[in-house]
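K.L.:
Chain residues, written in single-letter form:
Number of protein chains: 2
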Amino acid sequence: MSNITMTKKVHNYSAGPCILPAEVMQKAAEACIEFNGSGLSLLEMSHRSSAFVDVMEKARALVKELLHVPAGYQVLFLQGGASLGFYLSAMNFMKKDGKGAYVNTGTWAAGAIKEAKKLGKVEVLASSEDKNFSYIPKGYTIPSDADYLHLTTNNTIFGTQFHDIPSCPIPLISDMSSDIFSKTIDVSKFDLIYAGAQKNMGPAGSTVYIVKEDALGKTGRDIPSMLDLPLQISKDSMYNTPPVFPIYVAMLNLEWLKDFGGVPAIQKRNEAKAALLYGEVDRNPLFKGVVATEDRSLMNPTFVLNDEALTARWDKMWKEAGISGIAGHRSVGGYRASMYNALPLESVQVLVNCMKELEKGA
Amino acid sequence: MSNITMTKKVHNYSAGPCILPAEVMQKAAEACIEFNGSGLSLLEMSHRSSAFVDVMEKARALVKELLHVPAGYQVLFLQGGASLGFYLSAMNFMKKDGKGAYVNTGTWAAGAIKEAKKLGKVEVLASSEDKNFSYIPKGYTIPSDADYLHLTTNNTIFGTQFHDIPSCPIPLISDMSSDIFSKTIDVSKFDLIYAGAQKNMGPAGSTVYIVKEDALGKTGRDIPSMLDLPLQISKDSMYNTPPVFPIYVAMLNLEWLKDFGGVPAIQKRNEAKAALLYGEVDRNPLFKGVVATEDRSLMNPTFVLNDEALTARWDKMWKEAGISGIAGHRSVGGYRASMYNALPLESVQVLVNCMKELEKGA
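Going down the list, the protein sequences come from chains F and S. For the first sequence, the working numbering begins at 14 and goes up steadily by one. For the second sequence, the working numbering begins at 14 and goes up steadily by one.
Chain F extracted, bound-state conformation (with noise of 0.2 angstroms):
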């Protein structure tokens, strides 16, 4: 198969599915066409193979050598995208009687909020909801008698991000599907992990979980088998068959990362296009970041412009530059760049240059 060969050049900001490194996107194209000289397509091959239980336990590995994950923890590679994991996470948390405790920061918080309640009591500790949260609260207490507290650690829509994670006296669950793998965390303080694939792990269609196995099978609850995360766990991610290709894409995917040097390389990487891209939206008289600066996502910058008669110039701008994708969510407007893990340095410059741009002829 020819490399390569775009028919134009695309600067791709989308908030999710997103940009993945080209090489990635090569291999999987070739595996669509013959997997390993197998005579076989990954998409014809049974999931029982050798040749494809090799790549799921690879995924899974990267994923513990990624994030070192520590002894006792488990690494699922399961469907259902993170808004199955709000259901899921309180059906393997949250006693029968008990309660859950939650921040809610936004649209996906307020989503594992909703799941919860369907189950039990939920006590939200804490809520930036005021000023349309675009602000990470402080200062609240963690109830001890909960059974866990959740936190969403990044927020995709208005563009705000934990950067430190609270001392948490009970089991931490955290929905990371837009910030893991760009950052060091510390696997360790957190009870379970959970995150759809498609924004720094791989294309849409997996969910990973990471799950520390001591803290599992507390519930009382008869839990369905496909949520059920012990069941998951003694069936090595395969209780029924797995998305295959969605899968394989995001082990090579995070192969490229380790390749790349790992999460403290793409790390200093993200840092330094969040540094340019807000280093910009501070200093560009034209445009104001809508979020508390301590507070200010690295995978999401959200932004607006200070006067809204530009709008059209400015979009007929980025969009001619190659541009892809920084319109805000629908349910905030502005804008919003969204800057994972493959986005190249090179991407926000341009958007930079068209900032600066706007500024020359306004």
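Note that these hints are calculated values from the structure, not bench results. Check the hints yourself; a few may be wrong.
Have a look at the derived ranges for each label pair, beta carbon to beta carbon [claimed, not checked]:
1) ASP235(S) x ALA334(F): 42 to 50 angstroms
2) LYS202(S) x CYS181(F): 20 to 28 angstroms
3) MET251(F) x PRO179(S): 27 to 35 angstroms
4) ASP67(F) x ALA322(S): 31 to 39 angstroms
Some chain F residues well away from chain S (every beta-carbon gap over 12 angstroms; in silico) [claimed, not checked]:
5) LYS108
6) GLU136
7) ASP227
8) ALA287
9) GLY347
With a straight-line Cα cutoff of 20 angstroms, these simulated DMTMM-like cross-link-like pairs (lysine to aspartate or glutamate) come out [as the list claims (entries may be wrong)]:
10) LYS131(F) x GLU43(S)
11) LYS40(S) x GLU36(F)
12) LYS112(S) x GLU36(F)
13) LYS108(S) x GLU136(S)
14) LYS112(F) x ASP235(S)
15) LYS130(S) x ASP235(F)
16) LYS131(F) x ASP235(S)
17) LYS127(F) x ASP235(S)
18) LYS21(S) x GLU43(F)
19) LYS131(S) x ASP110(F)
20) LYS40(F) x GLU43(S)
21) LYS127(S) x ASP235(F)
22) LYS131(S) x ASP235(F)
23) LYS22(F) x GLU43(S)
24) LYS108(F) x ASP235(S)
25) LYS109(F) x ASP235(S)
Nothing here was measured: the structure is a model prediction, and the numbers come from that model. Glycine included, C-beta positions come from ideal geometry on N, C-alpha and C.
Please arrange chain S on chain F, whose structure you already have, making use of the hints.
P.N.:
Coordinates of chain S only, in the frame set by chain F:
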């Protein structure tokens, strides 16, 4: 991208994920590199992009067209496979304090029964467990006070299939994972059909639901959002990020089926393949079928050697002929030649030739 050039020719009898048409794999590979001249790989495109929304709508429309889905039904592409469907179907149809009726035809039916029991009462109307699931039970009475009857139309592991759907005075639910799109069905008989994609529909990673809309919303249950069919319908099958690539490949495969002449044309070929293989199983004194003749599956013929001493020679023979995937399921042994839609008649002829050759040499 160049055409497919396999390193070797394989006759792919995998029980699922299974053979897909070569042209589907080719188009899938191309989409990994660039989708429709967008400058983006399909793997990095937003599911909210008009390009992908078109894919989703086309896939849903093709299901409707190919199966002649009547008005009043909705088609969804969800996640989790049939194993999540076991629970989801009971969640959406079993009233609080109600009950579900089941026919136990083997492993997958038993799985559906297990999940339904987590929600309420289950009545098993009939079972073929007494003869290791080698036939389809008939002549049972369907209780009018059950909320639904659940059937597994084809039993991949044992090789049996419902050739007549009982007339049913209560809502009828069917797991059609391994025979959907293989033969014409009368959708109007069913209130819910669900099927993991990885047999005749596409690669692993998506699950189709075909549901009669006015049969929903009657259980009084607070259903988890991801399992809530009315909610998924209201969001056009995109309550959250769908498995983009598996759905695209399913769409390609359904287009292939349409070009092939649709379900009646593929049924004709499937019947010819089954006649060829079962004919040889019945004729050749070295082999015998293991299920009731009238209940034989067109998709997963199972058979055994009469003389186990021939096993090593037989296994060497078919492997050398490029045949892959005919070892029986680990729970039953023997042989299973899964003959899904994309398997050409030629591959069946190769298998039959091997059987004849074994006979000559015996």
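K.L.:
Would the hint linking LYS109(F) and ASP235(S) be met if the CA-CA limit is 20 angstroms?
P.N.:
OK: LYS109(F) and ASP235(S) at ~16 angstroms, within 20 angstroms.
K.L.:
Looking at ASP227(F) again, its CB stays over 12 angstroms from all of chain S?
P.N.:
Given that every Cβ of chain S is farther than 12 angstroms from that of ASP227(F), nearest at about 24 angstroms, it holds.
K.L.:
Is it true that the CA of LYS127(F) sits at most 20 angstroms from the CA of ASP235(S)?
P.N.:
holds, 11 angstroms
K.L.:
Just to be sure I understand the hint, the distance between the Cβ atoms of ASP67(F) and ALA322(S) should be within 31 to 39 angstroms; is that true here?
P.N.:
holds, 34 angstroms
K.L.:
Can you confirm whether the C-alpha distance between LYS108(S) and GLU136(S) stays at or below 20 angstroms?
P.N.:
holds, 14 angstroms
K.L.:
Against chain S, does GLU136(F) hold up as non-interface, every C-beta pair farther apart than 12 angstroms?
P.N.:
Holds, since 19 angstroms exceeds 12 angstroms.
K.L.:
What's the verdict on LYS112(S) and GLU36(F), does the C-alpha distance respect the 20 angstroms limit or exceed it?
P.N.:
Distance ~52 angstroms between LYS112(S) and GLU36(F) Cα, so the pair is violated.
K.L.:
Are LYS131(F) and GLU43(S) close enough, with their CA atoms no more than 20 angstroms apart?
P.N.:
With Cα atoms ~43 angstroms apart, LYS131(F) and GLU43(S) exceed 20 angstroms; violated.
K.L.:
Hey, LYS131(S) versus ASP110(F), does the alpha-carbon distance stay inside 20 angstroms?
P.N.:
With Cα atoms ~18 angstroms apart, LYS131(S) and ASP110(F) stay inside 20 angstroms; holds.
K.L.:
Taken at face value, is the distance from the CA of ASP235(F) to the CA of LYS130(S) at most 20 angstroms?
P.N.:
holds, 10 angstroms
K.L.:
Between LYS40(S) and GLU36(F), does the CA-CA distance stay at or below 20 angstroms?
P.N.:
holds, 18 angstroms
K.L.:
Would you check the hint for LYS21(S) and GLU43(F), treating anything up to 20 angstroms between C-alpha atoms as holding?
P.N.:
holds, 15 angstroms
Checked against the numbered hints above, the structure breaks hints 2, 10, 12 and satisfies the rest.
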